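Novice: Just so we're aligned: 51 in full-length UniProt numbering is position 51 of the sequence shown, and the numbers increase by one with no gaps anywhere.
If you're looking for bench data, these hints aren't it; they were derived computationally from the structure. No experiment lies behind these values; they were computed from the predicted model shown. A couple of the hints might just be wrong.
Said to hold, decoys possible - Here are the simulated BS3-like pairs of lysine-lysine, each with C-alpha atoms no more than 30 Å apart in a straight line:
(1) K91 to K126
(2) K77 to K137
(3) K126 to K137
(4) K137 to K90
(5) K126 to K77
(6) K91 to K119
(7) K91 to K112
(8) K165 to K137
(9) K137 to K91
(10) K126 to K112
Said to hold, decoys possible - Cβ pair distances, simulated, as ranges:
(11) E133 to N81: 18 to 26 Å
(12) C161 to E122: 43 to 51 Å
(13) S141 to G115: 17 to 25 Å
(14) V142 to R167: 47 to 55 Å
Positions of the beta carbon are idealized from the N, C-alpha and C atoms, including for glycine.
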Amino acid sequence: MLSTQRPGTPVTKMPKFSQMLNSDKPMKGDFSGFIGSGMYGGRLAKEETEDPMSLLILHVHASSNNTILSLTDANGKVIVNASGGTVGFKKAQRAGFEAAYQATASIAATVKERGINVKAVELRLKGFGTGREAAFKAVHSVTNWVVMRIVDTTPIPFNGCRPRKARRL
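With the hints as constraints, model all of the structure from the sequences given.
Specialist: What follows is the structure, given as structure tokens:
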């Protein structure tokens, strides 16, 4: 690592931009409280003092056969889960709109029953089933949770599988 300072001179610490303006609150471009690195590792230092249950993640896996919902904390630990099958739907009905809606309502009822205070929810949608839209609508109508972010985590192949060989007649 190259340094522009001469050897033997004391290292001076650069003040925060907000301190240079004699302000107590950090400004918009001030990253001095930033911890971690990488795509998902970074967060602000103030968030560690908050309640860990304040931001929960609702994972919605909507396949063509079933819709599986999992409510996790920020670390990925599952708190409550439900699916189209656990709320009483059988076979092809598990993947329908109503099954996903009922599963989301079941999760909301279980969270309320356990006394978990949910302030904000991040929705992570995966798959192309009809349960995607149903879970989103149920969160808005059944619960009073604030949806902070909606993320589509459906895996998309960049190159995909090798195609079949060409048919020759």
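Novice: Each hint: holds or not?
Specialist: Results for each hint:
1. K91 to K126: With Cα atoms ~20 Å apart, K91 and K126 stay inside 30 Å; holds.
2. K77 to K137: holds, 24 Å
3. K126 to K137: Holds, at roughly 16 Å.
4. K137 to K90: Judged against 30 Å, a Cα distance of about 22 Å means the pair holds.
5. K126 to K77: Within the cut-off at roughly 18 Å; holds.
6. K91 to K119: Violated, at roughly 34 Å.
7. K91 to K112: holds, 29 Å
8. K165 to K137: violated, 44 Å
9. K137 to K91: holds, 23 Å
10. K126 to K112: holds, 25 Å
11. E133 to N81: 18 to 26 Å: holds, 20 Å
12. C161 to E122: 43 to 51 Å: violated, 31 Å
13. S141 to G115: 17 to 25 Å: Holds, since S141 and G115 (Cβ atoms, about 22 Å apart) stay within the stated range.
14. V142 to R167: 47 to 55 Å: holds, 51 Å
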